[in-house]
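Student: Sequence:
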Amino acid sequence: MVGTQWKPFGSLNTPQVLAHRGASAVEVENTLLAFHRAKEIGAHAVELDVRLCQSGEMIVHHNPALGDGRQINLLNKGELPSHVCTLEEALDACEGMWVNIEIKNDPSEPDFDPTEMLADKVAAMLRGRGAPDQWLVSSFRRQTIDAMHASWPELPTAWLTMTVDDAQAENVAAELRASGHSALHPFVKTLTRHVIDTMHLHGLSVNTWTIDDP
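For the sequence shown, the numbering used here puts the final residue at 214, and the numbers step up evenly by one.
Be aware that a few hints might be false.
Claimed, not checked - Capping the alpha-carbon separation at 16 Å, the derived lysine to aspartate or glutamate pairs in EDC-like fashion look like this:
hint	residue 1	residue 2
1	39	113
2	121	89
3	77	109
4	189	165
5	121	49
6	39	57
7	121	57
8	189	175
9	121	95
10	39	109
If you're looking for bench data, these hints aren't it; they were derived computationally from the structure.
Start from the sequences, fold in the hints, and give me the full structure.
Tutor: Take a look at the structure:
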């Protein structure tokens, strides 16, 4: 199956303002306050990060550990600070915006799961929340977005990466398209016009990170 032409809420004719971890410049990142504030200031979308805690809830948090060093995958939901929310709570707060959900599954981190349980749980939850074009699921791990696509082929998926060299662009674009993915998410400082054009020729969107001053 080939990737879809991903158009959140039907259109990308205007620039999309995506609040990275919510309105993280003015509120604590990845919190309900940050997501509500993003909506208040007119963001079109929110990017957030998701992990599993020990009791199985999908927790919105960027790092594998809390600020005090405790690992999230070794804590039950009730042991987490009150400002740490679940994915379901975050999506409720983001209603009316499209959401980029980054699945954290890095082999170098303590909560790495090669079985991709989190991808399956995210797909199952999103299926119950409406049309797939409200969401874009991304990960630095290609196997994770492959698992997400297998769980729900209509759900847009994207590969996060630090860099794609010009010489690699054609192969990367062809592989992503053949695997059913919708977008490439490269680091802005390594992105070239050639890579953008190549992805577009293959019907892929390019969403770069992180631009704070357009």
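Student: Run every hint past the structure and note whether it holds.
Tutor: The hints, checked one at a time:
1. 39 <-> 113: Violated. Residue 39 to residue 113 sits at ~33 Å, over the 16 Å cutoff.
2. 121 <-> 89: holds, 15 Å
3. 77 <-> 109: Given pair residue 77, residue 109 is violated - Cα atoms ~20 Å apart, limit 16 Å.
4. 189 <-> 165: With a Cα-Cα distance of about 12 Å, the restraint between residue 189 and residue 165 holds, given a limit of 16 Å.
5. 121 <-> 49: holds, 14 Å
6. 39 <-> 57: violated, 25 Å
7. 121 <-> 57: holds, 9 Å
8. 189 <-> 175: Distance ~23 Å between residue 189 and residue 175 Cα, so the pair is violated.
9. 121 <-> 95: violated, 20 Å
10. 39 <-> 109: Given pair residue 39, residue 109 is violated - Cα atoms ~32 Å apart, limit 16 Å.
Checked against the numbered hints given earlier, the structure breaks hints 1, 3, 6, 8, 9 and 10 and satisfies all the rest.
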